[in-house]
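Participant: Those protein sequence lines, which keep their order, are chains A and B.
For the first sequence, my numbering begins at 27 and goes up steadily by one.
For the second sequence, my numbering begins at 27 and goes up steadily by one.
Simulated from the structure, these hints should not be mistaken for laboratory data.
Heads up, a few of these hints could be off.
As the list claims (entries may be wrong) - Chain B is faced by these chain A residues, among others (derived, beta-carbon under 8 Å): (1) R47; (2) G90; (3) L124; (4) P130; (5) L134; (6) H137; (7) I139; (8) C145.
To be verified - Stretch by stretch, here's where chain A covers chain B in the computed footprint (C-beta under 8 Å, at least three residues): (9) 49-63; (10) 97-109.
Glycine included, every Cβ here is placed at the ideal spot set by N, Cα and C.
2 protein chains.
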Amino acid sequence: MAQRVTNQRRAIEHVFETCARPLSTQEILEQAAAAVPGIGIATVYRAVRELQDERRIAAVPIAGEAPRYERARHAHHHHFYCQKCTKVFSIDECPGDLSRLLPPGFRLMDHEITLRGECAECAAAT
Amino acid sequence: MAQRVTNQRRAIEHVFETCARPLSTQEILEQAAAAVPGIGIATVYRAVRELQDERRIAAVPIAGEAPRYERARHAHHHHFYCQKCTKVFSIDECPGDLSRLLPPGFRLMDHEITLRGECAECAAAT
DNA sequence: ATAGATGCAAAGAGTTTGCATAGGT
DNA sequence: ACCTATGCAAACTCTTTGCATCTAT
Numbered sequence: 027m028a029q030r031v032t033n034q035r036r037a038i039e040h041v042f043e044t045c046a047r048p049l050s051t052q053e054i055l056e057q058a059a060a061a062v063p064g065i066g067i068a069t070v071y072r073a074v075r076e077l078q079d080e081r082r083i084a085a086v087p088i089a090g091e092a093p094r095y096e097r098a099r100h101a102h103h104h105h106f107y108c109q110k111c112t113k114v115f116s117i118d119e120c121p122g123d124l125s126r127l128l129p130p131g132f133r134l135m136d137h138e139i140t141l142r143g144e145c146a147e148c149a150a151a152t
Numbered sequence: 027m028a029q030r031v032t033n034q035r036r037a038i039e040h041v042f043e044t045c046a047r048p049l050s051t052q053e054i055l056e057q058a059a060a061a062v063p064g065i066g067i068a069t070v071y072r073a074v075r076e077l078q079d080e081r082r083i084a085a086v087p088i089a090g091e092a093p094r095y096e097r098a099r100h101a102h103h104h105h106f107y108c109q110k111c112t113k114v115f116s117i118d119e120c121p122g123d124l125s126r127l128l129p130p131g132f133r134l135m136d137h138e139i140t141l142r143g144e145c146a147e148c149a150a151a152t
């Protein structure tokens, strides 16, 4: 039978609909728990995997950090990692073609840029 | 007393001196084990941490992958991840200043670029 | 009523740590 | 002889999985 609409799943989907930036599984758990107290981390992992399979959310891999997840977007974009608060933000632009950096013989299929520094909030607090 | 020169440490340092690309802890273990059979993974982790503290090697964080380690270099550079063989290669160049991508108020301190695709060897095998 | 979804706890994978002992100084 | 570095195994963290139970359909 088809997928069921549960409170947990609804809460997790709602988190992605309203969040402004990519979230970690812990952040998803905490925000979903506001609507469904007692929700388990396994449910978050399961829902995240299914939403990824359905291409409704995308993993945002941050080197040295647990992946964050955000609503799937059509446009290619990158991310900013705040070294103070560890939050991740989306960056809409892309510097463009990087194939000129490649050694001969290498085939470029994708690229990923992570900017690091302080987000506006943390920079203002300095 | 000062740090001791053991066969294990010598072997691990030798791996970095001769390797052409950033290595994972498993790769380090395997290559060091050629010189010191029975060397334990804990020894590799401990040596890697100490070499990092001494700034003799640097971690190469690859999003979604275990970090690789390479000899510390002075020049800023980036990395290429081969999606076929999972090996990581160094890329000497950098596209330059990316601060124009930043949202207002954000403070840029570093950036990291991972190119993905096929290395020369894997591309040739296609 | 049925079968997919959930929560818990156990199991894995990767990394770190405690401890007795080997071995560099 | 001293005391650091090692190897093993246990501990930890993060993620996945098994299973009894719950619940949407």
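Participant: Now, for every hint given, state plainly whether the structure supports it.
Facilitator: Tested hints:
1. R47: It is violated, given that the least Cβ distance between A:R47 and chain B is near 11 Å, above 8 Å.
2. G90: holds, 4 Å
3. L124: holds, 6 Å
4. P130: holds, 7 Å
5. L134: Since the shortest Cβ distance to chain B is 4 Å, the answer is holds.
6. H137: holds, 5 Å
7. I139: For A:I139, the interface hint holds, since the closest Cβ of chain B sits about 5 Å away, which is under 8 Å.
8. C145: holds, 6 Å
9. 49-63: Result for this restraint: violated, n = 0.
10. 97-109: Holds, because 3 residues of the region 97-109 of chain B bring their Cβ atoms closer than 8 Å to Cβ atoms of chain A.
In terms of the numbered hints stated before, the structure departs from hints 1 and 9, listed from lowest to highest.
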